[in-house]
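**Q** Residue-level listing of the chains:
2 protein chains.
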Amino acid sequence: MRENAKDPERHARRMAAKQKVMQDRIARAQNEKGVLLVLTGPGKGKSSSGFGMVARALGHGMKVGVVQFIKGKFTTGEDTFFRDLPNVDYHVMGDGYTWDTQDRQKDVQAAEAAWEIASNMLKDPSYDMVLLDELNIALRYEYLDLDRVLDDLFNRPEMQHVTVTGRYAPKELIELADTVTEMKVVKHAFKDQGIKAQKGVEL
Amino acid sequence: MRENAKDPERHARRMAAKQKVMQDRIARAQNEKGVLLVLTGPGKGKSSSGFGMVARALGHGMKVGVVQFIKGKFTTGEDTFFRDLPNVDYHVMGDGYTWDTQDRQKDVQAAEAAWEIASNMLKDPSYDMVLLDELNIALRYEYLDLDRVLDDLFNRPEMQHVTVTGRYAPKELIELADTVTEMKVVKHAFKDQGIKAQKGVEL
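Same order as they appear, the protein sequences are chains F and D. Each residue of the first sequence is one higher than the last, beginning at 725 in the numbering used here. Each residue of the second sequence is one higher than the last, beginning at 725 in the numbering used here.
Source of the hints: derived by calculation from the structure; they are not laboratory data. Small disclaimer: the values here were computed from a predicted structure and weren't measured. Fair warning: there could be bad hints in the mix.
Since the list can't tell identical chains apart, any single copy or any two copies may satisfy a pair.
[To be verified] Straight-line C-alpha distance at most 30 angstroms; calculated DSBU-like pairs for lysine-lysine: (1) 847 with 911; (2) 847 with 757; (3) 787 with 911; (4) 911 with 895; (5) 757 with 908; (6) 895 with 908; (7) 911 with 757; (8) 757 with 787; (9) 895 with 830; (10) 757 with 830; (11) 908 with 830; (12) 830 with 847; (13) 911 with 830; (14) 757 with 895; (15) 847 with 787; (16) 895 with 847.
Same shape as in the complex, but just chain F (with noise of 0.2 angstroms):
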């Protein structure tokens, strides 16, 4: 299904309009509008860094929802801590869904019903900001259709923040940001010196 998002048409369509508010925007000077920022490359702290812009924004009184596209059904620290905070949309893929099975039709599924709650939450004006973590991921498997992902993304609320997380961004997606940090390994404890991955701490 990548080669939807190759379409020249789909994606000309969505530069030249991209291109064209984006002009309308600066010669207004006005200049204040949501931002899509993608945290990619191998480096640790995508994900961290998508949750801390989250406190930052509730400490704003801002409205959050947050898409993991996760796969396996564990608790992570920020699930029991922004769950079931005020102010906070949260969902994890396949929640309640078993993730024992090699099964990409499954995988496709759940991230397809993730997907729909990602888009509903991409047309209401009333969340502020939308983390949609490891949604990269999702896309480099191709669980998702990537022109569907650009285009609710490019049709989201103007003031509506999003971030999305994850290696491996996919190139349009990059392209359609506004912001793109990546990553980068300088050095890392887990792989360089054998030490154990443990809670609390992203190694």
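We have chain F; now place chain D onto it with these hints.
**A** Frame of chain F, contents of chain D only:
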């Protein structure tokens, strides 16, 4: 005062001790220990990532100390969000202090007072994690003695995790760290497109 940091004897002693500790640990194949994590580079997401780790640690029921080495007295979203949570001991350098002067000596004093607080956290095993936000900036301006900082980090409780953020991490700190991520700018809304910095999102 940076000269001190290059004192080859202290450096060699620290590195030899570090190497021995690491070798012992690997030999014991135990490999569970506090991690010194450094988040540096020009890309966005360093502080957010540190605060995301704080949230995760809190989600695991850990006790966390935060010292923000930032110049200027203002309220960030993280401040509002984390400050009054149980299990968080939150300090901002120069809190209650006016930074309107261009007085280097006062900056040094404020940084040293903040390090005093950090240093006490780094001696107290009841803190499972310590976030030293923007410490690299205080080191960059040589507001703090690098060797004192490195010694305190090195001598901290064995199981304590520390995250240091900020551009321009000194190479001696990178050497001491277990995990280092460099945030690279791929695209930057603020710079590239003239979008105004906004509350709730780190552009």
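**Q** Each of the hints needs a verdict: does it hold here or not?
**A** For each hint, the structure was consulted:
For the homomeric pair residue 847 and residue 911, the shortest alpha-carbon distance between copies (25 angstroms) is at most 30 angstroms, but the shortest distance inside one copy (40 angstroms) is not. Only within a single protomer do residue 847 and residue 757 lie at most 30 angstroms apart by alpha-carbon distance; the minimum there is 16 angstroms, versus 44 angstroms between protomers. Taking the shortest alpha-carbon separations for residue 787 and residue 911, only the inter-copy value of 26 angstroms comes in at or below 30 angstroms, while the best intra-copy value is 36 angstroms. For a Cα distance limit of 30 angstroms, the shortest separation of residue 911 from residue 895 qualifies both inside one copy, at 26 angstroms, and across copies, at 12 angstroms.
Proximity of residue 757 to residue 908 under the C-alpha cut-off of 30 angstroms is found in both arrangements, the shortest distances being 28 angstroms within a copy and 23 angstroms between copies. When the C-alpha separation of residue 895 and residue 908 is checked against a cutoff of 30 angstroms, the pair qualifies both within a copy, at 17 angstroms, and between copies, at 16 angstroms. For the identical chains of this complex, residue 911 and residue 757 are inter-copy neighbours only, at 16 angstroms across copies versus 36 angstroms inside a copy, given an alpha-carbon limit of 30 angstroms. Only within a single protomer do residue 757 and residue 787 lie at most 30 angstroms apart by alpha-carbon distance; the minimum there is 16 angstroms, versus 37 angstroms between protomers.
For the homomeric pair residue 895 and residue 830, the shortest alpha-carbon distance inside one copy (26 angstroms) is at most 30 angstroms, but the shortest distance between copies (47 angstroms) is not. Taking the closest pair of Cα atoms, residue 757 and residue 830 never come within 30 angstroms of each other, the shortest separation being 37 angstroms inside a single copy and 38 angstroms across copies. Taking the shortest alpha-carbon separations for residue 908 and residue 830, neither the intra-copy value of 32 angstroms nor the inter-copy value of 36 angstroms comes in at or below 30 angstroms. In this assembly of identical chains, the alpha carbons of residue 830 and residue 847 lie at most 30 angstroms apart only when taken from the same copy (26 angstroms versus 50 angstroms across copies).
Taking the shortest Cα distances, residue 911 and residue 830 never come within 30 angstroms of each other, neither inside one copy (36 angstroms) nor across copies (35 angstroms). Proximity of residue 757 to residue 895 under the C-alpha cut-off of 30 angstroms is restricted to the intra-copy arrangement: shortest distance 22 angstroms within a copy versus 38 angstroms between copies. When the C-alpha separation of residue 847 and residue 787 is checked against a cutoff of 30 angstroms, the pair qualifies only within one copy, where the shortest distance is 14 angstroms, while the shortest distance between copies is 38 angstroms. Taking the shortest alpha-carbon separations for residue 895 and residue 847, only the intra-copy value of 24 angstroms comes in at or below 30 angstroms, while the best inter-copy value is 46 angstroms.
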